[in-house]
Amino acid sequence: MKTRFTTRDLVYIAVFGALWGVLEMSLGSYLHLIFPSLATPLVGVGTIMTAMGMVLALIGRLFVPRTGSVLMIGLVTAILKALSIGGVKLSPMIAIIIESLLAELGLILARRPSRGGFMLAGCLAVLWTFFHKFFASYVFLGRGIYDVYLGVLKEGSQALGIGMGYALAIIAAFLLIRIVVGGLAGWLAWDLGKAVQARLTRAEKGSE
Amino acid sequence: MKILGTWGHLAFLVWAVALGILAPGARVILVLGFVVVFSALFFRGGLRPVRRLEFWVLVASAVLLSPFLIGEKDLSLFGLSLSRQGFWAGLWMALRALSVALAVGGFAYAVSVDEIARLFEVAGWKGLGFAVGVAFNLLPTLEEMARNAYQAMRLRGGFQRERLRALRMLLVAIVVNALRRGDEVVEAAEARAFRPDGPRREPLPINRTDLALIAVLVALGVGLLAWP
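Line by line, the protein sequences give chains A and B.
The letter at position 200 of the first sequence is residue 200 when you use the numbering used here, and the numbering goes up by one with no holes.
With positions in the second sequence counted from 1, the corresponding number in the numbering used here is that position plus 208.
None of these hints come from the bench; they were simulated from the model.
Computed from a prediction, not measured in an experiment: that's the story for all the values here.
Warning: the hint list may mix true and false statements.
No farther apart than 30 Å at their CA atoms in a straight line, the calculated lysine-lysine pairs in the DSSO-like style are these [unchecked claim]:
#1 Lys194(A) <-> Lys205(A)
#2 Lys210(B) <-> Lys154(A)
#3 Lys210(B) <-> Lys133(A)
#4 Lys133(A) <-> Lys154(A)
Isolated chain B (complex conformation) (with noise of 0.2 Å):
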C-alpha cells in the first residue's frame, strides 16, 4: 500500500533538489541522511543507482579532481599541487549531486507516467505533462540500454579501428532502440484509453500524510537554513 500521494512524492523532490542547492557547506551532509533515511523507507527501488560502480567513479571524480581544477593551490601532496578550497567545493559538491540524483530517482520510481501528467493536466499543459512523464520514467532505461549497447560494441572490438563509424553505429542502436521502447510506451497508453485531446480529469488528490510531510519539508528546510 501507498502511504505518501503523488503530492507528498513531489513535495520531497522539490525539498531535496532545493536544499540540495541552497544548503551551505557541510548542512549538506543532512540534506543527504535525510534523503537516504526518506529512500530506504519509502522507495527502495530509487536506491538502485547506488549499486552502480559507474555512479561512484562520476561521484568520486567531482571529489578528486576538484583540488586540481578549483581554487589557489595552497598545498603539496605527493609533488602535486592541490587547493584545499577546491576539495571541499568538490566534496560539497559531490554530496548535493548524491542528494539530487537519488530524489529523482526515488521519484522517478515511485511516482507513475500517469500522475506525472496529472500533475501538469492541472495546469492545462496535458501533452507536454505526458511527455515529461513518459521522458522521466524513460530515463533510467535509456541510460541502461545506452550502457549495453556501448558494452556489447566495445566486447566485439567495435572501437578498437574505425572509430568514428563505431561511434555512428553506436548512436543509431542507442536510438533504434530508445524507439522500440517508445512503441511499447505508445502501445500501453493506447491500452489504457489515453488521448491527448481527451477530457479533462479529477485533479489529483492531496492527503494527510502528504500535508504532513509537506509540514515536516518546511520545518526541516528551515531549520538547515536558518539555524546560525
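Pulled out of the complex, with its shape left as it was, chain A reads as follows (with noise of 0.2 Å):
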C-alpha cells in the first residue's frame, strides 16, 4: 500500500481511529453482548454504533482532508475491534470497512467536504446495516437470503404493528430510520468538527 498521507495525516488517522475503536470496543462490545435486545427491531445496536462512529470518522476528514482518509480511519479502527472483548469477529470489522468505504463514495461524491456531503456519506454508510444483516447471515451463518428477509418482515411487522403482507411499507421504514440517522450523524459531525476548529483557532491565536 503506497502511502502518500503525511505523518501529521497519519497520526490523526489514529487518533480518529482510536477514538472510534475505544467506542467500538467499550460500548460497542458491551451493547453487543449484554444489551442485544434493549434497541427494537427497526434500531439495531449496529446502526446506533455506525451512526457514532460515523460521527468520529467525519470529524476525522476535516482534519485529513484527502480521499481516503475516512477508510484509513476505518481500517484502522477494524484492526482495533479484532481486539475488543467480545473477540475477534469478522462480522463487525467488515461491516467497519465497508461503511466506511461507503462513506468515502459519499464524500466523493459531494466533491467538496461541506454538511451534504458529510450527510450523504453518513446516509451511505448507516443504511449498510440494513444489508449487512442479509450479507452476515448468508457469508458466515450460511443462511438463505429469503429467510433473512422473511424474518426482518416478521421483525418490521411486529414493531411497527402491521401485517407482514406491507412488506414494501416495512422495508421502506427500515431504510428511512437509517437514512434519516445517518443523516443526522453527518450534520453533526460537520457541527461537532467546526465546533473543534474553531476551538483549536482560539487556542492557538491566545497562545500566540
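Please dock the two separately framed chains into a single complex, following the hints provided.
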C-alpha cells in the first residue's frame, strides 16, 4: 500500500481511529454482548454504533482532507475492533470497512467538504447496516437471503404493528430510519468538527 | 533488559485472544491464570487496568446482568427470576473479557509504536502500520482523557441542566485533547526522522526466547483445547 499521507495525516487518522475504536471496544462490545435486545428491531445496536462511529470518522475527514482518510480511519478501527472484549468477530470488522468505503464514496460524490456531503456519507454508511444483516447471515451463518428477508419482515411487522403483507412499507421504514440516522450523524459531524476547529484556532491565537 | 522480542509479545497476544474465544467453559480460568502470570512476569504495567473501579464494574455487570438477560429463567432468588445458564454464560464471558483486556493492555504497554509499524511494514503497509501503532498506544490515554474531561464537567455541574449542550461540549473537549496529544506524537515522530514514504527497514528479528515462548504457547493452546 503506497502511502501519500503525511506523518501528521497518519497520526490524525490514528487519533480518530482510536476514538472510534474505544467506542467500539467499550460501548459497542458491551451493547452487543449484554444488551442486544435493548434496541428495537428497527434501530439495532449496529445502527447506533455506526452512526456514532461515522460522527468521529467524518470529523476526522475535516482534519485529514484527503480522499481515503475515512477508509483509513475505518481500517484502523476494524483492526482495533479485533482486540475488543467480544473477541475477533469478522462480521463487525467487515461492516466497519464497508461503511467507511461507502462514506468515502459519499464524500467523493459530494466533491468538496460540505454539510450536505457529510450527510450523504453518513446516510450511505448507516444504510449498510440494513444490508449487512443479509450479507453476514449469508456469508457467516449460511442462511438463505429469503429466510433473512422473512425474518426482517416479521420483526418489522411486529415493531410497526402492521401485517407482513405490507412488505414494501416495512422495508421502506427500515431504510428511512437509517437514512435519517445517517443524515443526522453527518450533520452532527460537520457541526462538531467545525466547533473543534474553532476551539483549536482560538487556542492557537491565544498562545501567540 | 527486554527478555521477549516483539514477535514473542505478538504471539502471546494472538494466543490470549484466540484461547479467550475458543477455550470452552471453565477452561477459560486457566487461560486467565496464564495471562495474569505472564503479565506479572513480563509487563506489570499492563496490569494497570485492574486498579480501576470502572474496569471491575464492567466485568461485574456482565456477571450480574446475564442471569436476567440470557437463557430460560429456572431459579427464583429474593423474588427475582434468574437463569442459571445465564449466570454461567455471564461468568465465562467476564473471564474471557478479562483475559483479552489484560493481554491487549500488556501488548500496548510492552510494544512500541515503531515495533507495531514494523510488523505491518513486513506486509508492505507502512502508513497503515504506523497509524495502527499510534492508535494502539493512544487507547489508554484517550480513555483516561475522556474520563477526566467527563469528571471535570460533572464536578462543575455541567450535566445538571442543558444536558445535550454539555454532551456536545464534552465531545468537543475530548476530540480537542486527543488532537493535541496527536500533535505531540507528530513532533516525536518527526524528531525521530519518521517518514511515511521513507525506505523500508529490516524486518524485526525473531530471537530464541520468542521461539521458545511460541512453542510453549502452541503446546499449551493445543493442550487446553484438545484435553478431553
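Comparing the hints with the structure gives:
no.: 1; hint: Lys194(A) <-> Lys205(A); result: holds (16 Å)
no.: 2; hint: Lys210(B) <-> Lys154(A); result: violated (58 Å)
no.: 3; hint: Lys210(B) <-> Lys133(A); result: violated (46 Å)
no.: 4; hint: Lys133(A) <-> Lys154(A); result: holds (14 Å)
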